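Protein chains in written order, with the working numbering: chain A, 259 to 646; chain B, 259 to 646.
Simulated from the structure, these hints should not be mistaken for lab results.
Bear in mind the structure is a predicted one, so any value in this text is a computation, not a measurement.
Each hint can be trusted.
From chain A, some residues computed to sit far from chain B (all C-beta separations above 10 Å):
| id | residue |
| --- | --- |
| 1 | Phe388 |
| 2 | Glu419 |
| 3 | Phe453 |
| 4 | Thr574 |
When the alpha-carbon atoms are kept at most 30 Å apart in a straight line, the in silico DSBU-like pairs for lysine-lysine are as follows:
| id | chain 1 | residue 1 | chain 2 | residue 2 |
| --- | --- | --- | --- | --- |
| 5 | B | Lys324 | A | Lys564 |
| 6 | A | Lys286 | B | Lys339 |
| 7 | B | Lys315 | A | Lys339 |
| 8 | A | Lys262 | B | Lys425 |
| 9 | B | Lys320 | A | Lys324 |
| 10 | B | Lys324 | A | Lys609 |
| 11 | B | Lys276 | B | Lys621 |
| 12 | B | Lys262 | A | Lys421 |
| 13 | A | Lys286 | B | Lys320 |
| 14 | B | Lys262 | A | Lys425 |
| 15 | A | Lys270 | B | Lys401 |
| 16 | B | Lys600 | B | Lys572 |
| 17 | A | Lys315 | B | Lys315 |
| 18 | A | Lys324 | B | Lys315 |
| 19 | B | Lys420 | A | Lys262 |
| 20 | A | Lys320 | B | Lys324 |
So these bits of chain B aren't anywhere near chain A, every CB distance computed over 10 Å:
| id | residue |
| --- | --- |
| 21 | Glu283 |
| 22 | Glu351 |
| 23 | Ile451 |
| 24 | Val559 |
| 25 | Ile581 |
Beta carbons: idealized from backbone N, C-alpha and C, even for Gly.
Chain by chain, the residues run as shown.
2 protein chains.
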Amino acid sequence: MISKYISHAIEKSSWIRKMFEAGNELKKIHGAENVFDLSLGNPILEPPDQFFDLLKKLSAEKESGKHRYMSNAGFIDVREKIVSYLSKNRILETTSDNVVMSCGAGGGLNVILRTILDQGDEVIVLTPFFSEYQFYVRNHHGKVVFAETDENFDINIENIEKKINKKTKAIMLNSPNNPTGKVYDEKKLKELIDFLNQKQKKFNNDIYLISDEPYREIVYDNINVPPVVSMYNNSFFVYSWSKSLAIPGNRIGYIAVNPNMNQVQEVVNGLIFCTRILGFVNAPALMQQIVGELLETTIDVGYYEKKKNYIYNKLTKAGYEMIKPEGTFYLFPKAPGNDDIKFVDRAKEEKVLIVPGEGFARKGHFRISYCTDDRTIENACERLARLV
Amino acid sequence: MISKYISHAIEKSSWIRKMFEAGNELKKIHGAENVFDLSLGNPILEPPDQFFDLLKKLSAEKESGKHRYMSNAGFIDVREKIVSYLSKNRILETTSDNVVMSCGAGGGLNVILRTILDQGDEVIVLTPFFSEYQFYVRNHHGKVVFAETDENFDINIENIEKKINKKTKAIMLNSPNNPTGKVYDEKKLKELIDFLNQKQKKFNNDIYLISDEPYREIVYDNINVPPVVSMYNNSFFVYSWSKSLAIPGNRIGYIAVNPNMNQVQEVVNGLIFCTRILGFVNAPALMQQIVGELLETTIDVGYYEKKKNYIYNKLTKAGYEMIKPEGTFYLFPKAPGNDDIKFVDRAKEEKVLIVPGEGFARKGHFRISYCTDDRTIENACERLARLV
Chain A
259 MISKYISHAI
269 EKSSWIRKMF
279 EAGNELKKIH
289 GAENVFDLSL
299 GNPILEPPDQ
309 FFDLLKKLSA
319 EKESGKHRYM
329 SNAGFIDVRE
339 KIVSYLSKNR
349 ILETTSDNVV
359 MSCGAGGGLN
369 VILRTILDQG
379 DEVIVLTPFF
389 SEYQFYVRNH
399 HGKVVFAETD
409 ENFDINIENI
419 EKKINKKTKA
429 IMLNSPNNPT
439 GKVYDEKKLK
449 ELIDFLNQKQ
459 KKFNNDIYLI
469 SDEPYREIVY
479 DNINVPPVVS
489 MYNNSFFVYS
499 WSKSLAIPGN
509 RIGYIAVNPN
519 MNQVQEVVNG
529 LIFCTRILGF
539 VNAPALMQQI
549 VGELLETTID
559 VGYYEKKKNY
569 IYNKLTKAGY
579 EMIKPEGTFY
589 LFPKAPGNDD
599 IKFVDRAKEE
609 KVLIVPGEGF
619 ARKGHFRISY
629 CTDDRTIENA
639 CERLARLV
Chain B
259 MISKYISHAI
269 EKSSWIRKMF
279 EAGNELKKIH
289 GAENVFDLSL
299 GNPILEPPDQ
309 FFDLLKKLSA
319 EKESGKHRYM
329 SNAGFIDVRE
339 KIVSYLSKNR
349 ILETTSDNVV
359 MSCGAGGGLN
369 VILRTILDQG
379 DEVIVLTPFF
389 SEYQFYVRNH
399 HGKVVFAETD
409 ENFDINIENI
419 EKKINKKTKA
429 IMLNSPNNPT
439 GKVYDEKKLK
449 ELIDFLNQKQ
459 KKFNNDIYLI
469 SDEPYREIVY
479 DNINVPPVVS
489 MYNNSFFVYS
499 WSKSLAIPGN
509 RIGYIAVNPN
519 MNQVQEVVNG
529 LIFCTRILGF
539 VNAPALMQQI
549 VGELLETTID
559 VGYYEKKKNY
569 IYNKLTKAGY
579 EMIKPEGTFY
589 LFPKAPGNDD
599 IKFVDRAKEE
609 KVLIVPGEGF
619 ARKGHFRISY
629 CTDDRTIENA
639 CERLARLV
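Based on the provided sequences and hints, a complete structural model is requested.
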């Protein structure tokens with residue numbers, strides 16, 4: 259018999275599986291080309307040419323010694339390049355000692371949580387949220403505490419105030435946000451940070467800020483993603499190349515730590531140790547070498563922007579209400595009729611697959627993922643337009 | 259402040275770090291070429307040519323769609339090839355549904371333990387043991403229970419009998435064994451399996467057998483590694499290409515499940531779910547594609563066999579007592595004077611770095627790792643010979 263918790267967690271999340279299965283069933287019945295799937299956050303984009311050029315280059319380096327274990331933190335030269343990049347782009351001034359390569363952002367987040375959490379420690383998560391966070395926190399004996407953002411999906415300090423207490427060990431931010439596309443602005447972040455500093459004093463505790471930023475480059479209208487990691491000492495920056503290089507299957511990212519964090523060396527030692535003991539051991543060696551050479555490369559954001567504009571215009575014109583997303587490849591409109599589960603079912607009848615807001619802890623909405631082809635998007639929009 | 263457990267675990271394992279630091283210090287003082295390091299299990303061998311050929315081939319496949327997320331279990335075609343390989347080599351008859359690609363063996367073991375363990379469940383580990391196991395078990399709320407093997411490092415049922423009880427959820431095997439080089443023979447394994455079946459009945463519980471076999475191909479004198487996974491229904495086979503293709507940095511392996519396991523589908527769903535929630539998400543995509551084409555390829559085992567024979571002959575001639583290893587790239591001799599910590603210090607004075615048996619829960623021994631160059635080995639042997 260497997261773990262009771264895992265069995266329960268699978269059971270609880272089985273509605274998502276059922277949804278996917280229903281989608282697959284639909285595709286079988288009607289043909290995949292007649293089902294319009296906007297439910298998946300799995301980019302169909304291919305990695306840029308430079309990625310393949312580097313693969314070829316590395317295929318000729320047979321004596322590099324670079325497929326062995328390296329330091330659990332990752333290759334030092336790659337970490338140094340990241341430090342320069344973070345500095346040049348005014349994200350963070352730090353040193354390579356404070357950078358730990360990770361198996362994507364999912365790996366990085368698990369490593370951080372394993373490092374900082376003791377049983378019963380609480381982690382505040384702003385909703386709507388990327389639903390994997392709840393599992394990540396619970397993996398490491400933590401308790402997830404939800405704090406709702408406001409109607410525009412912006413940080414709401416009052417709601418956090420209600421949830422913060424002396425057991426609060428961390429708060430997780432995800433900006434640009436999955437599922438809302440929201441980017442928190444500098445003013446709001448400063449407000450949050452003042453609040454956190456105040457609470458750290460009050461509780462005489464470290465309250466870590468974990469900023470998960472895999473969509474950092476996927477932003478629109480020249481919007482700036484404020485570098486929250488450099489604004490608050492006790493903060494972690496978590497990055498992944500899954501979106502910016504369209505290589506999510508290859509699992510590569512990193513953690514950068516604010517060098518002014520309390521007991522920073524102990525924390526970083528913890529990250530390195532936990533990278534090892536969680537079985538990651540180190541981030542995939544070949545991918546480390548590749549991303550180290552591609553720090554200035556990203557996929558064409560215009561590709562997503564066109565899709566975003568198309569859907570936003572079509573659906574608002576049809577009568578849908580939604581916040582115009584500032585980043586990511588998601589839209590999070592209000593569900594007509596306000597019952598998101600029912601609405602998702604209605605969409606399914608029209609052979610359009612979307613995810614109900616309930617999956618992100620915000621009912622009355624649904625998530626559209628537009629990292630897919632235009633034909634799917636056009637057909638889906640046409641059908642969704644009929645459902646308002 | 260980081261987790262109390264992690265802080266404590268780092269503290270407890272800091273003697274290993276101190277040892278490495280002392281080694282690095284020695285190298286700084288005397289020059290790396292004058293320090294003979296037999297402490298690391300990090301092969302200096304490069305991957306075979308076929309590995310690089312495949313990298314080159316894949317660098318030309320720019321529209322493969324294979325750098326995206328795939329099923330959390332891994333690419334189906336790769337898993338099917340593994341199933342054929344396991345069948346052809348009489349390791350296990352199973353189906354691709356029962357194979358989950360992993361981030362090396364370390365990743366696979368964590369995924370299994372997360373799947374099966376509830377808080378307080380016990381896992382029996384045979385000593386001497388690969389010391390990472392204790393962290394893997396504790397990551398997932400389990401309790402490590404040690405059972406000593408006998409003087410020849412063979413399975414000792416009586417010792418297991420003393421430790422098994424109704425809380426026992428699993429037993430971990432590692433054959434060929436790190437650090438001893440022992441391969442358990444079929445007779446002994448059958449004895450163990452009869453015993454486990456008996457205990458399952460008695461406690462009316464599943465007791466899983468987790469067989470960690472990253473050294474499966476690194477064996478000598480045509481010895482056969484019995485396929486224990488096919489001999490016991492409730493068993494997991496954990497594999498990694500770290501040793502057989504000399505690519506430990508690239509983190510690729512898999513879990514194969516005996517199809518007759520109780521509630522096998524629930525267990526496999528658990529493995530897939532835990533691969534996802536632990537942040538692995540999936541095994542690195544590019545490496546999956548590569549190993550799928552290299553199932554019949556291994557590094558030259560003769561390379562290790564020569565080194566093993568050289569050291570074994572030199573040291574036994576000098577008066578060291580040791581079991582002749584049947585596999586891996588380790589030797590585990592008795593420490594002259596019986597105090598392994600003292601002996602390791604004496605070796606360090608001779609500028610030879612080795613690991614004390616205490617690190618593997620068997621005092622009075624030391625581990626030699628010979629996945630290094632001949633010059634290091636020759637010099638180390640010459641110096642060790644003086645210390646008997």
